[in-house]
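Based on the hints, put chain B in the right spot on chain A.
Chains A and B, in that order, give the protein sequences.
Using this note's numbering, the letters of the first sequence correspond one by one to residues 1 to 281.
Using this note's numbering, the letters of the second sequence correspond one by one to residues 1 to 281.
Treat the hints as calculated values from the structure; they're not laboratory data.
Hints are supplied without guarantee of correctness; some may be wrong.
Since the list gives no way to pick out one identical chain from another, each pair is judged satisfied if it fits inside one copy or across any two copies.
[Unchecked claim] Cut-off 27 Å, straight-line C-alpha distance, at most; resulting in silico cross-link-like pairs (DSSO-like, lysine-lysine): (1) Lys212 with Lys40; (2) Lys138 with Lys156; (3) Lys77 with Lys2; (4) Lys81 with Lys222.
Protein chains: 2
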Amino acid sequence: MKTVTSIKDLKLALEKNPHAQIGFVPTMGDLHQGHLSLVKTAKSQSDFVVVSVFVNPTQFNNPQDLENYKINLDSDKELLKKNQVDLLFAPTPDVMYPEGFSTYVEENAFTQNLCGASRPGHFKGVTTIVAKLFNLIKPQKAFFGLKDYQQFLTIKKMATDLNFDVEIIPVPIVREEDGLALSSRNKRLSDHDRFRALSIYKSLLLAEQTFKKGERNLAAIKELVRQTIDDAISDTDAFIDYIEFVDADHLGAPIPNSRFLIAVAVQFSNCRLIDNRVIEP
Amino acid sequence: MKTVTSIKDLKLALEKNPHAQIGFVPTMGDLHQGHLSLVKTAKSQSDFVVVSVFVNPTQFNNPQDLENYKINLDSDKELLKKNQVDLLFAPTPDVMYPEGFSTYVEENAFTQNLCGASRPGHFKGVTTIVAKLFNLIKPQKAFFGLKDYQQFLTIKKMATDLNFDVEIIPVPIVREEDGLALSSRNKRLSDHDRFRALSIYKSLLLAEQTFKKGERNLAAIKELVRQTIDDAISDTDAFIDYIEFVDADHLGAPIPNSRFLIAVAVQFSNCRLIDNRVIEP
Numbered sequence: 001m002k003t004v005t006s007i008k009d010l011k012l013a014l015e016k017n018p019h020a021q022i023g024f025v026p027t028m029g030d031l032h033q034g035h036l037s038l039v040k041t042a043k044s045q046s047d048f049v050v051v052s053v054f055v056n057p058t059q060f061n062n063p064q065d066l067e068n069y070k071i072n073l074d075s076d077k078e079l080l081k082k083n084q085v086d087l088l089f090a091p092t093p094d095v096m097y098p099e100g101f102s103t104y105v106e107e108n109a110f111t112q113n114l115c116g117a118s119r120p121g122h123f124k125g126v127t128t129i130v131a132k133l134f135n136l137i138k139p140q141k142a143f144f145g146l147k148d149y150q151q152f153l154t155i156k157k158m159a160t161d162l163n164f165d166v167e168i169i170p171v172p173i174v175r176e177e178d179g180l181a182l183s184s185r186n187k188r189l190s191d192h193d194r195f196r197a198l199s200i201y202k203s204l205l206l207a208e209q210t211f212k213k214g215e216r217n218l219a220a221i222k223e224l225v226r227q228t229i230d231d232a233i234s235d236t237d238a239f240i241d242y243i244e245f246v247d248a249d250h251l252g253a254p255i256p257n258s259r260f261l262i263a264v265a266v267q268f269s270n271c272r273l274i275d276n277r278v279i280e281p
Numbered sequence: 001m002k003t004v005t006s007i008k009d010l011k012l013a014l015e016k017n018p019h020a021q022i023g024f025v026p027t028m029g030d031l032h033q034g035h036l037s038l039v040k041t042a043k044s045q046s047d048f049v050v051v052s053v054f055v056n057p058t059q060f061n062n063p064q065d066l067e068n069y070k071i072n073l074d075s076d077k078e079l080l081k082k083n084q085v086d087l088l089f090a091p092t093p094d095v096m097y098p099e100g101f102s103t104y105v106e107e108n109a110f111t112q113n114l115c116g117a118s119r120p121g122h123f124k125g126v127t128t129i130v131a132k133l134f135n136l137i138k139p140q141k142a143f144f145g146l147k148d149y150q151q152f153l154t155i156k157k158m159a160t161d162l163n164f165d166v167e168i169i170p171v172p173i174v175r176e177e178d179g180l181a182l183s184s185r186n187k188r189l190s191d192h193d194r195f196r197a198l199s200i201y202k203s204l205l206l207a208e209q210t211f212k213k214g215e216r217n218l219a220a221i222k223e224l225v226r227q228t229i230d231d232a233i234s235d236t237d238a239f240i241d242y243i244e245f246v247d248a249d250h251l252g253a254p255i256p257n258s259r260f261l262i263a264v265a266v267q268f269s270n271c272r273l274i275d276n277r278v279i280e281p
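Next comes chain A alone, as it looks inside the complex (with noise of 0.2 Å):
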């Protein structure tokens, strides 16, 4: 595995293989199974895997949180090289912002609601170094993990509109064996919330078997999700940021007999957590 930092070497290294099927798997780093699963998916898929490691200050709303976003490069690198990754682009923030940079990349319809709305102006960083790393390595496919669904389909939908030629793929959810969905903010959890944080899965596996019983009240179900989580974070400082029922296509009001997502935030002390399920009818 190749690692570059600089635009210039990223270039020479893709120049290498002209006519490989690329495939892309953009990271902030702190890997974990999660992001390996991208990467495997990616192998299967390209002849050529391109993996970028870019904690991305412009998606950060929250200073503190990417103040706690510390990333290990060696250690991502030794699990990419172990996962046959071909080409690693680790760039510092003034290589993908110079001073000066003013020009942004904005989707306004799937990033109003669930955490667009908690985090104003994350998915716009999102798409804005999406949006560059498309155009500096030009992958036929890329791969998106589908704990952030939302990010999933705004970059879709973003892809879509501007006519990028490259196909967006999405990737199933890894969890932990207790159900927690893999992230890298796990590991700031205490114990103690740790062990209240399963209660985020449980409400959704809980709802999805209401919903498969006959339930159609979707506000009953939602009270189901939220007096799951509620009981669980009772005796912590974390709070319910959001639980909402939307459309699994276009994250609008559901639509009877269409699939629909359960999307929740949870925030505990030291980090926020997302997880979600889509209801098949």
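Showing chain B alone in chain A's frame:
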């Protein structure tokens, strides 16, 4: 010359010359010698010249201006064919902006004054459509006329910031024999206004001469420009939109001993004209 109107046909036409160096000239049709100068420059620097003709609705802040912007695709085609253009892309608005379109590209530094101040949203429409066309056509070089000086700098900044792999080439202003800068909007001028519009270029030349004779008080030169135009248009409904002296590279305050731009916009009863001149120290 091949003409295509759909994205599918555009891609097919481009795939036939996979290794050609593509030169791209985006236009809104209604072609004149200014556009043909862009085409000739593109021909001299590329293997394969693609011209787009698309009246981009998102860059018209004034609906009446869009309404007045009528093009004749047949005569445009004739002109482009005569000038040995290889491929014409002439989509309809629904091809470029299908229902639900929701992603925009916005440059925030070079678009705040001059036409950016007079035409809110204009440059956001420009950068969005140009980003889309770059992604579709993937040119190595793209050609922009310097009459739209602020547009040229904005596109160049967007291309740099978003890492588009395209060189933005400026092409000098083309003028009528009497000095009026060519514009598709000139034909909307009454004979009376057409004659008075010459004062714009005259005022720019006067400013340049005055500077070259040693005057360094830019406020005094600006006053000369204003007087020259005001005297000419005093018997019309026209009014000066702006006269600005700005640094020619960043459009900020002029920097002593650096080249600067004099930019002028005058609103006549049926159209708004712009012109500019770069003054070398």
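Hints, one by one, checked against the model:
Proximity of Lys212 and Lys40 under a CA criterion of 27 Å is satisfied in neither setting, with 32 Å inside one chain copy and 66 Å between copies. When the C-alpha separation of Lys138 and Lys156 is checked against a cutoff of 27 Å, the pair qualifies both within a copy, at 15 Å, and between copies, at 20 Å. With identical chains, the CA atoms of Lys77 and Lys2 are at most 27 Å apart within one copy only, with a shortest distance of 10 Å there and 49 Å across copies. In the homo-oligomer, the alpha carbons of Lys81 and Lys222 never lie at most 27 Å apart, since the shortest distance is 43 Å inside one protomer and 63 Å across protomers.
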